[in-house]
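Turn these sequences into a full structure, and let the hints guide you.
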Amino acid sequence: MALPSTTRALVLQKSSSSKKPAYDDVVLVERQIPELKPGEVLVKTGAVALNHREIWIRKRMYPGIVFGSVLGADGAGTVVASGTENDILVNKRVFLTPSRGWDKDPIAPESTFGILGGGSNPPIGTFSEYIVVERDQVIPIPDHLSDVQAAAWPLGAVTAWRAAMVNGEVEAGQNVLITGIGGGVALIAMQLCVAKGASVYVTSGSEEKIEKAVQAGAKGGYI
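Position one of the sequence shown corresponds to residue 363 (this note's numbering), numbered consecutively onward.
Note that these hints are calculated values from the structure, not bench results.
Everything numeric in this text was worked out from a predicted model, so none of it was measured.
In this text, a Cβ means the ideal position worked out from N, Cα and C, and glycines have one as well.
Hints may be right or wrong, so weigh each one.
[To be verified] Result set (DSBU-like, lysine-lysine): computed pairs, CA atoms no more than 35 Å apart in a straight line: (1) K381 / K454; (2) K381 / K399; (3) K466 / K421; (4) K382 / K581.
[To be verified] Cβ pair distances, simulated, as ranges: (5) V576 / A364: 47 to 57 Å; (6) Q536 / V452: 21 to 31 Å; (7) G567 / E397: 18 to 28 Å; (8) R422 / V452: 14 to 24 Å; (9) S508 / G401: 38 to 48 Å; (10) V576 / L390: 35 to 45 Å; (11) D465 / P400: 15 to 25 Å.
Structure below.
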C-alpha cells in the first residue's frame, strides 16, 4: 500500500470575531505527514472521541493553548507504517495514550504532564486522518472492541480511575453514588466500581439513562 504524504486535520484557529466570550474556530486543513523516525509509527485513524476539553479550548478556558495545533486527545486506528524495521505493530489496531509525561508515579503525573490536542505538549492531536506517534504510546485494541469503543475509553478512563480508585479508594462491598450518569467519565467510573465489587447507585435527569446504567450493573438510580 502506498503511504500518503499529507493528511487532513482539524486545527484550532483564532476567531476573528470580537464577540465576548471568545469561541475560537476549528478549520479543516491539509498538512504534510512527517517522515517516520525510529521508534515512531503512522496510525490511520479509525475513530476519535470528543471530550468537553475541546469546548474549553475553543473558549480559551484551558491552559497551554496553541493556535494552529491539531485538536483531539482520544483516538484509535490501525498502524500502517513504522520507523522500526519489521515492526510487529504494522497492520495492528491500536488506541493512542492520551497524554505524555506521566511515567513514574501511578498516583499523580509529573510536572511535564500534557494532554494531546490543542497545545504544544505534546504537539500532536488525534483529529487527523493520519497521526505520527511514538511506538510506545500506542496500545493494541482487544478483539472484542471496535475502534469506536476503544477511542471512547482513554482520557475518560484515566479521569475516572483517578477519581474512583486513586482518590475515592473504592473497595468491594462499599456503596458508591455517581452523579450525572449520562457523562462519559461517570459511565466509566460506574463500570470500574462495579468491577471492583461495589454497590453503585446513580443520579440523572433521565429515566432512560438510569435504566441503561442499571443494565450495565448499577443497583439503582434517582432523578
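Evaluation of the provided hints:
1. K381 / K454: Since the Cα atoms of K381 and K454 sit roughly 46 Å apart, the hinted pair is violated (cutoff 35 Å).
2. K381 / K399: Status violated; Cα separation ~43 Å.
3. K466 / K421: holds, 32 Å
4. K382 / K581: violated, 44 Å
5. V576 / A364: 47 to 57 Å: holds, 50 Å
6. Q536 / V452: 21 to 31 Å: violated, 44 Å
7. G567 / E397: 18 to 28 Å: For E397 against G567, whose Cβ atoms are near 51 Å apart, the range 18 to 28 Å is violated.
8. R422 / V452: 14 to 24 Å: violated, 40 Å
9. S508 / G401: 38 to 48 Å: Hint violated: Cβ distance 28 Å, outside 38 to 48 Å.
10. V576 / L390: 35 to 45 Å: Holds, at about 41 Å.
11. D465 / P400: 15 to 25 Å: Since the Cβ atoms of D465 and P400 sit about 20 Å apart, the hinted range of 15 to 25 Å holds.
When the structure is compared with the earlier hints, violations turn up for hints 1, 2, 4, 6, 7, 8 and 9 and for no others.
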